Amino acid sequence: MRKVLASIIVLIFIFPIFFLITSSFKNNIDLFSLPPKLFFFDLDFSAYERVFGFSKFLKFDSSYSELFLTSRIIDSLIIGLGSSSLTLIIGVYAGYHISRVNFKFKRYLIISILSARMMPLVSIAIPVYFVYEKINLLDTYIGIIFVHTFINLPLAVLLLKSFFDEVPKQIDENAFIDGASKMKILHKLVVPCAKSGIAVTFILSLIFSWTEFICALMIGQMNVKTIPVQASILKTIPSWDMMAAFTTISIIPVFILILMVKKHFVRGLTLGTVKEQTHTSL
Amino acid sequence: MTPQKSYSLPSFMNSDSSLPWLLPLITMLIVFAIIPFFYNIYLSFHEFVPAKRALLFVGWDNWIRLFTDGVFWGSLKVSLYYTFMCLLIQLVLGMGIALLIDSDDPGFGIIRSILTLTLVIPPAIAGMIFLIMEDANYGLIPWLLKSIGLIGPEDTILADPTLALWGVMIVDIWQWTPFMVLILVAGLRSLPSEPFESAVIDGARPFQVFRRLTLPMLHKVIAVAVLIRGIDLWRMVDYVFVLTSGGPGTATYTLSLYSWQRFTFVQWGYGATISLFSLIIILIVGNAFIHFAKVKW
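The listed protein sequences correspond, in order, to chains A and B. At position 204 of the first sequence the residue is numbered 204 (my numbering), and the sequence of numbers has no breaks. At position 107 of the second sequence the residue is numbered 107 (my numbering), and the sequence of numbers has no breaks.
Just so you know, the hints here were simulated from the structure itself, not pulled from any lab data. The structure presented is a predicted model; accordingly, all values stated were derived computationally and were not measured. Zero decoy hints are in this set.
Pairs of lysine to aspartate or glutamate, EDC-like flavour, derived with a Cα cap of 16 Å: (1) A:263 x A:276; (2) A:182 x A:172; (3) A:182 x B:16; (4) A:275 x A:165; (5) A:104 x B:16; (6) B:220 x A:276; (7) B:146 x B:160; (8) A:275 x A:166; (9) A:188 x A:173; (10) A:3 x B:104; (11) A:195 x A:165; (12) B:146 x B:135; (13) A:263 x B:104; (14) A:184 x A:172; (15) A:262 x A:276; (16) A:3 x B:102; (17) B:296 x A:165; (18) A:188 x A:178; (19) A:188 x A:172; (20) A:184 x A:173; (21) A:235 x B:135; (22) A:184 x B:16; (23) A:3 x B:105; (24) A:195 x A:166.
Taking beta-carbon pairs under 8 Å as the criterion, some of the chain B residues facing chain A (in silico): (25) 25; (26) 32; (27) 182; (28) 186; (29) 235; (30) 237; (31) 271; (32) 282.
Virtual Cβ for every residue (Gly too), placed ideally from N, Cα, C.
Pulled out of the complex, with its shape left as it was, chain B reads as follows:
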């Protein structure tokens, strides 16, 4: 008969405390979010010097370079333009299609499931599909545009500084408009039917119903969709990487792609500075949006 030993854990490690439940999650957050954040700050004050083969402290040089770098301002503009235009187009198109297919009819159920398909294609692969379709010589889209006379016979899409960004945006719009559609349809399906019935009885016109009833009742769903899509648009890098690699020239550099490209050119400090800038912007804007749009989890 040996006396039974009771192994008791310290009180912060038993199941009444929060710590053991959340420890793995918090560890992951620290290792892959907090540490990279501070490492980015560290890198932004250092730069790799090829002559000495070492990371050396350079003070504020990277930040001064950032704010005087024309390519950086160009890529910031591209990122902003890309995010806002895609978001707007996807939201408007998505809302239109969602209103169109918001129905109990089983046929529309099939349409909804077909629309999920574009969303799961790896973005790099979606880029490749459009690389084939937008090819200057044998691509389907330039051929179509030429035959209806929208672009001249010598024009290309992806090699043209003004059209290249739209050539990238069309992929994003193609792939992610269904995202908006599906979320908005789910929102529309969950609305109660009584207010709409009484509005029809009161003789409201369809646009009035949409403006006064549908939009206000849907604002939470719209806010979530805009938030998540906005985040992903801001950090998008796959499409430009595959389609244009930032070209022609620097016309389609987004912040993420520019940062990655600096990194591959062994300007590690400067690359980290750009990505840190982009990270800080999205953290501020994203959290402000969550706060003011009252998105709840």
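Excised from the complex, chain A in its bound form:
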């Protein structure tokens, strides 16, 4: 009974995703039919051809020319991988230090990290826009990479701190007595111990950079557009099958990524405070 009810709830939650993915394979008649054709419809891949910009369509309709999904994916990947790498480099050192050392302003540092997490992204994006305009970082990869790094840093630092907290302090202390330098202890001992935590942080940063919208919209102008930005432009070209195909392709990679780290996902969402019990099953 409980299982049946739970399954129904889950079906409700995945229905929009299912509906979207099936819509991307429908032809223009099935797409608009009410009641909707959920399972039985003619397969039609033309939306994918148009979204990737393969089709003959391009030759006489310039409004599709901005839709080269491949280059949008590349933009999103460059920004995502760049910013999560930078986040990780900054986060490992800061997280390790916060985890191990009781320095003077630790409480205030954590408060500032959390306050940074609270900032409405618009209030970052407007000033950053003007600063970037002066130093020519508008519409560049590196500009968006820096902003996304900042957005992901609170998550990364606090999550990495919680993973480093789990590495026993004895390891550090013994190595220190043996004369290893602090940097060496971190690089050779602690990082390998917290390997999976670091991987989780990297993947979560990548996902949140992939999904970030308003900063990418303001800083990317013409050349650099991430996937959510392109999606917001796409809605002005009301072509449902293209919208569906575009979204399907853009969410499949994150689905694969999240299933890799689902065990630690809750921990990431709560910035390292709530740990999921390790289950015997799954």
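Fit chain B to the given chain A structure using the hints.
Then chain B, alone, in the frame of chain A:
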């Protein structure tokens, strides 16, 4: 044989000091949090004057305009309503579903992993999914609501001033209720089983157990979930941007969207004033919440 020179760093830069470890982080915080904060303050006392093509000092004009602007008060109301209603619905729904799927059975493990999926969809994309599903003519949701008679045959969702905000909130509730579910399930799974067993032996009713045992033991987890969800609800802009762009009229302007929209209308100073207002509110409320709910990191 050259004498070996020893390059020694100043004492605040060696690894015993905190500075080198935290320097990159602090630099990022200064560049992207402190500087924008003060730049926002600077902008809020200036305004772009198109005739002179320059930012000119205008004193308190932006702030006076802010407090006399009906659209601003409307957007503040929308932001508050949106944040509180979504938070409440997501918390209640999330708690219900979490209690339902809190079990060792492997089947529920699969259900949990399916529920993670909605959380990683870019919000702008989730907005697009519902843009299709809430379309006035061919959308699935209006069709369903019409066929069970909840809305009239001529009604629309996203173009109706009273329904539009709910049309946006439904996306948020759909996408983020699993967030609450997953966090609360993780909290429930970590509770010890002894108090619950003895409560059952003492003949406590399920609601009493929930009220007297589960809720108090879970309050830290709930506090974290409410804090993080509250922050994200307050600064939400993606859904309204994609679904309604603030319309119809100004019915679904949130503070963030209104600020962004003023910015695109080259009222840079006023846009910055709105975003600064929203920033100050969330900093005060958020930090007060962390303090009083005793959330620990």
